[in-house]
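Participant: Top line first, the protein sequences correspond to chains S and Y. Each residue of the first sequence is one higher than the one before, starting from 7 at the first, in my numbering. Each residue of the second sequence is one higher than the one before, starting from 69 at the first, in my numbering.
Hints in this document: simulated from the structure, not taken from any laboratory. By construction, the Cβ of each residue, glycine as well, lies at the ideal position given by its N, Cα and C atoms. Check before you lean on any hint, since a few could be wrong.
[As the list claims (entries may be wrong)] Among chain Y residues calculated to face chain S with C-beta under 7 Å, some are:
{"#": "1", "residue": "219"}
{"#": "2", "residue": "226"}
{"#": "3", "residue": "301"}
{"#": "4", "residue": "312"}
[Unchecked claim] Using 30 Å as the maximum straight-line C-alpha spacing, the simulated DSSO-like pairs for lysine-lysine come out as follows:
{"#": "5", "chain 1": "Y", "residue 1": "106", "chain 2": "S", "residue 2": "242"}
{"#": "6", "chain 1": "S", "residue 1": "145", "chain 2": "S", "residue 2": "184"}
{"#": "7", "chain 1": "Y", "residue 1": "300", "chain 2": "S", "residue 2": "45"}
{"#": "8", "chain 1": "Y", "residue 1": "299", "chain 2": "S", "residue 2": "24"}
{"#": "9", "chain 1": "Y", "residue 1": "310", "chain 2": "S", "residue 2": "44"}
{"#": "10", "chain 1": "S", "residue 1": "57", "chain 2": "S", "residue 2": "184"}
{"#": "11", "chain 1": "Y", "residue 1": "310", "chain 2": "S", "residue 2": "200"}
{"#": "12", "chain 1": "Y", "residue 1": "299", "chain 2": "S", "residue 2": "200"}
{"#": "13", "chain 1": "Y", "residue 1": "299", "chain 2": "S", "residue 2": "23"}
{"#": "14", "chain 1": "S", "residue 1": "242", "chain 2": "S", "residue 2": "214"}
{"#": "15", "chain 1": "Y", "residue 1": "81", "chain 2": "S", "residue 2": "200"}
{"#": "16", "chain 1": "S", "residue 1": "184", "chain 2": "Y", "residue 2": "245"}
{"#": "17", "chain 1": "Y", "residue 1": "300", "chain 2": "S", "residue 2": "57"}
{"#": "18", "chain 1": "S", "residue 1": "242", "chain 2": "Y", "residue 2": "182"}
{"#": "19", "chain 1": "S", "residue 1": "200", "chain 2": "Y", "residue 2": "80"}
{"#": "20", "chain 1": "S", "residue 1": "145", "chain 2": "Y", "residue 2": "245"}
{"#": "21", "chain 1": "S", "residue 1": "18", "chain 2": "S", "residue 2": "245"}
{"#": "22", "chain 1": "S", "residue 1": "245", "chain 2": "Y", "residue 2": "178"}
{"#": "23", "chain 1": "Y", "residue 1": "182", "chain 2": "S", "residue 2": "214"}
{"#": "24", "chain 1": "S", "residue 1": "45", "chain 2": "S", "residue 2": "130"}
{"#": "25", "chain 1": "S", "residue 1": "23", "chain 2": "Y", "residue 2": "245"}
{"#": "26", "chain 1": "Y", "residue 1": "245", "chain 2": "S", "residue 2": "110"}
{"#": "27", "chain 1": "Y", "residue 1": "106", "chain 2": "S", "residue 2": "245"}
{"#": "28", "chain 1": "Y", "residue 1": "182", "chain 2": "S", "residue 2": "245"}
{"#": "29", "chain 1": "Y", "residue 1": "300", "chain 2": "S", "residue 2": "24"}
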Amino acid sequence: MEPLQTDLSVFKQLNLKKPPVGVKYLLEKPEGVKQLDKKMALCEMVTETQKSQEPFYMTRENENCFGAQALGMVSGAPSAAASGELGVRFELFRDAEANRNLFKNNPNMEKGIINYVVFAPLEKITFEPDLLILMTDAKQAEITLRSMTYSTGVLYESMTSTALSCAWLYVYPYVSGKVNYFLTGLGFGSIGRKAYEPGWVLIAIPRKWLPTMVQNLKEMKWELASYTLGREEFDKWEKGIQAQLMRESRNH
Amino acid sequence: MQSLKTDMSIYKKFNFEHPAVGIKYTHEKPEGIEQLDKQLALCEMFTETHRRNRPFYFTRENENCVGRSVLGMQEAGSMPNTGQIGVEFGIFQDARANRNIYRHQYSLEKGVVKYVLYSPVDQLTYEPDLLLITATVPQAEIVLRAMSYSTGEIWNAQLTGVGACSWLYAYPVLTGKVNYTVSGLTFGMKAKEIFPAGWMLIAIPYHWIPTITANLNEMEWVLPAYTDGRKKFYEREMRVMKGITK
Numbered sequence: 007m008e009p010l011q012t013d014l015s016v017f018k019q020l021n022l023k024k025p026p027v028g029v030k031y032l033l034e035k036p037e038g039v040k041q042l043d044k045k046m047a048l049c050e051m052v053t054e055t056q057k058s059q060e061p062f063y064m065t066r067e068n069e070n071c072f073g074a075q076a077l078g079m080v081s082g083a084p085s086a087a088a089s090g091e092l093g094v095r096f097e098l099f100r101d102a103e104a105n106r107n108l109f110k111n112n113p114n115m116e117k118g119i120i121n122y123v124v125f126a127p128l129e130k131i132t133f134e135p136d137l138l139i140l141m142t143d144a145k146q147a148e149i150t151l152r153s154m155t156y157s158t159g160v161l162y163e164s165m166t167s168t169a170l171s172c173a174w175l176y177v178y179p180y181v182s183g184k185v186n187y188f189l190t191g192l193g194f195g196s197i198g199r200k201a202y203e204p205g206w207v208l209i210a211i212p213r214k215w216l217p218t219m220v221q222n223l224k225e226m227k228w229e230l231a232s233y234t235l236g237r238e239e240f241d242k243w244e245k246g247i248q249a250q251l252m253r254e255s256r257n258h
Numbered sequence: 069m070q071s072l073k074t075d076m077s078i079y080k081k082f083n084f085e086h087p088a089v090g091i092k093y094t095h096e097k098p099e100g101i102e103q104l105d106k107q108l109a110l111c112e113m114f115t116e117t118h119r120r121n122r123p124f125y126f127t128r129e130n131e132n133c134v135g136r137s138v139l140g141m142q143e144a145g146s147m148p149n150t151g152q153i154g155v156e157f158g159i160f161q162d163a164r165a166n167r168n169i170y171r172h173q174y175s176l177e178k179g180v181v182k183y184v185l186y187s188p189v190d191q192l193t194y195e196p197d198l199l200l201i202t203a204t205v206p207q208a209e210i211v212l213r214a215m216s217y218s219t220g221e222i223w224n225a226q227l228t229g230v231g232a233c234s235w236l237y238a239y240p241v242l243t244g245k246v247n248y249t250v251s252g253l254t255f256g257m258k259a260k261e262i263f264p265a266g267w268m269l270i271a272i273p274y275h276w277i278p279t280i281t282a283n284l285n286e287m288e289w290v291l292p293a294y295t296d297g298r299k300k301f302y303e304r305e306m307r308v309m310k311g312i313t314k
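Same shape as in the complex, but just chain Y (with noise of 0.2 Å):
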């Protein structure tokens, strides 16, 4: 496993109620880190780390839910995919409309990871495969902004109202995308009591991990004009247009 090279302190000052958390899928077995203890559901185990908060790794064996397969840690079987769960738990209409969010979904290759270790970011020892960060609105606008900072990337966010582990661990280290959600959304989280709704949980593929980390620590935080007042900030927009047409 690769040892930690990028500074993530820069993480600290959101002073994030709940800490980032970095993720690292690896075929070998992780040395030093415990093995989680109990089952969960893939959607919980970040959840898990801001409660234990000391990192951890779990293999199949400690996972309860459709995680197992959106890691390749095993086959989906046939049953999910009929769409009958869904008509049964009353989120679709009819089994078509549940198979038809199978065609959207992600999962890594199978066989290929095995141990799925966890951090909190002020403990990580590797360099992670992904970062997934809780925020409030706020903070995510600084996140999201330092992707698009030096990029003027645009903000994509892919879900499906089942199965949101596959959006937050197998599509943007997959897709090489950043991806987020807010909490609330989705069946899985919402039934198990996984979060309170309304916090914005992103998911940041290692592609993206430098440039954000590098634009974090450059770019301003709080932008004169969030702070401007409505009026104000109309009289700079003005001044900045006519400056740049002079």
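Chain S with its partners taken away, still in its complex shape (with noise of 0.2 Å):
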């Protein structure tokens, strides 16, 4: 495993209630970590990074839902969901053809390229993490999700689906490269199992946006001054500033 050069210290200071949680995809067995001592789906891996406060890595023998399919350890659903009946028993879709239509759309990893998933809260991740996941309220994933744009521009896109919202948390970040996030409460099996409380801001980020967001973090104001202005005061200060940027725009 690489070792851990980003310097992700700059989350900590987010204040997060729960840790960031840093995620890391092998073929090969990693050394110095705990396997998992249970069975549990991948969307409770989070939440059970930050209960245990302690790295380990799972294996499919480690996962009992779906989760494994997703990360391409196992080969593809089991005909039971494959078929879009499942979905139908659990009322979650009118009929399987709705339910299929979602096995169109989900994203799925390379069959037998994952054997091995590291999971690791923030103070103990010591490897390059190919996916950070926070769990914000959406104070902090709006300052999160404006160290993204902060220097690129770029939108806020959120992916996930009724059923299966582990593959656009663990999968989609990681083969898109972009950053997704959805509300914790939305997805069918993670509130099924009661793997969140509702209303919290899951961000995953992978490795690619670590850099940028990282430094963005580190030079952007968290709190920038309009917030704090107040409506009117806000309101005041805004027509001032493009004002000044007409007059300014005139000189040149």
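Using the hints, build the complex out of the two chains.
Facilitator: Quick look at the structure:
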């Protein structure tokens, strides 16, 4: 495992209620990290890391939902799920066709590439994470997402689905290279399993974005002046800045 | 203006803290509806509907932010496009980053919309172009599930840190896609104190209103799996899986 080189300490300043979680996908068994000693769904592994406060790794034997399939650790979905019948029995979808449509859109890792997944809380990340997963409130999410757009102007794009939200949290950012986010309390399995309290913003940052966001978090103002002015004062201030810019542009 | 034919009464069942708002874009002056008597930003119009709790319409003279250009009521002008404003506000590192967002954002065709009508859903008299819902997460889960219930559609939210109005008011009607965001993520709405943080704002374009409304009438809102508790949910899942693979 490539040792950690990126300084992730700036994420501590967000004072998240629960620590960010670093995730690493490996073909080979990691050394010096314990294996998870129980079975659970992939969506629960972030909260497990936050609870245990210790790094661990999981294999396909530790996963008892569809996460192992999303990670390409096992062959495609069982026929019960792939047929679309499962979602109908769960009353999630009106018919199997609607459920099957989900599988057309959901991202999956290439099969056989990942045998081990390492999870570690921020303080104990010793590897360059493939993903950093943050659980934030809306205010902390605003700062985090702004750090992506601060130097780039990219848009905030959130992708998820009724079921299999694990694919959008763990797979989509990794394969697309895009930051993804969504709210806890929207996805079927994680609601059923009580994996998270509803209303938190889960943000998955792929490795590609970490240097930019870390640098921007260090550079940009977190609490913008305009956020503390109040509505009326902000209106005046905004108009003043626009008028000033108009004057300056005329002078050029 | 086409009068309301869709039965929207199902939305009452949510008991939203803030009523869902139906929005109509029109070229002709609406009759029997009063004009807004002040200036506001476009992002404030739906909270104004909550406050008034009665229908109103606005014209470009009533809008005092970038909403007018988003709705094609006037040219954007070069100032925002320079990207300098975002730098002055501290939102962007440089103008280049700010300019980049304009490549993504949506605006209605210029000159098509002159009047925009707002109405709480229970006072709607017209078929809305857009239904804007302010929901808690459990309520949003039901609304979004109603979109996928018969279609399997994924949930895709598009947004930029500034100009959120473009994503709520223009993008859904231009693309025909449901869009949603969380209040507190975007600059203008935060600075103007439009809404407390943490609410889900869901914009449903007319393309999706019949499907979502019909599915809300048909589907179970609170699934048994959500009230089982963790252990019983696992048992249910096993039972269901075994039942299908028999």
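Participant: Could you grab the alpha-carbon distance between residue 57/S and residue 184/S and see if it respects the 30 Å cut-off?
Facilitator: 27 Å, holds
Participant: Regarding the pair residue 242/S and residue 214/S, is the alpha-carbon distance no greater than 30 Å?
Facilitator: 39 Å, violated
Participant: Is residue 299/Y within 30 Å of residue 23/S, Cα to Cα?
Facilitator: 26 Å, holds
Participant: For the pair we were handed, residue 299/Y and residue 24/S, check the Cα-Cα distance against 30 Å.
Facilitator: 24 Å, holds
Participant: Does residue 200/S lie within 30 Å of residue 310/Y when you go C-alpha to C-alpha?
Facilitator: Measuring from Cα to Cα gives roughly 22 Å; hence the hint holds.
Participant: Sort out whether residue 242/S lies within 30 Å of residue 106/Y, counting only the CA atoms.
Facilitator: 16 Å, holds
Participant: Taking 30 Å as the top limit, are the C-alpha atoms of residue 310/Y and residue 44/S close enough?
Facilitator: Given pair residue 310/Y, residue 44/S holds - Cα atoms ~22 Å apart, limit 30 Å.
Participant: Do the alpha carbons of residue 106/Y and residue 245/S lie within 30 Å of each other, as the hint requires?
Facilitator: 17 Å, holds
Participant: Please verify whether residue 300/Y and residue 57/S have alpha carbons no more than 30 Å apart.
Facilitator: Distance ~22 Å between residue 300/Y and residue 57/S Cα, so the pair holds.
Participant: For the pair supplied as a hint, residue 242/S and residue 182/Y, confirm whether the alpha-carbon distance does not exceed 30 Å.
Facilitator: Holds. Residue 242/S to residue 182/Y sits at ~27 Å (cutoff 30 Å).
Participant: Using Cβ atoms only, decide whether residue 312/Y comes closer than 7 Å to chain S, and label the hint accordingly.
Facilitator: Status holds, d = 4 Å.
Participant: Would you check the hint for residue 18/S and residue 245/S, treating anything up to 30 Å between C-alpha atoms as holding?
Facilitator: Given pair residue 18/S, residue 245/S is violated - Cα atoms ~36 Å apart, limit 30 Å.
Of the numbered hints listed earlier, those contradicted by the structure are 14, 21, 23 and 25.
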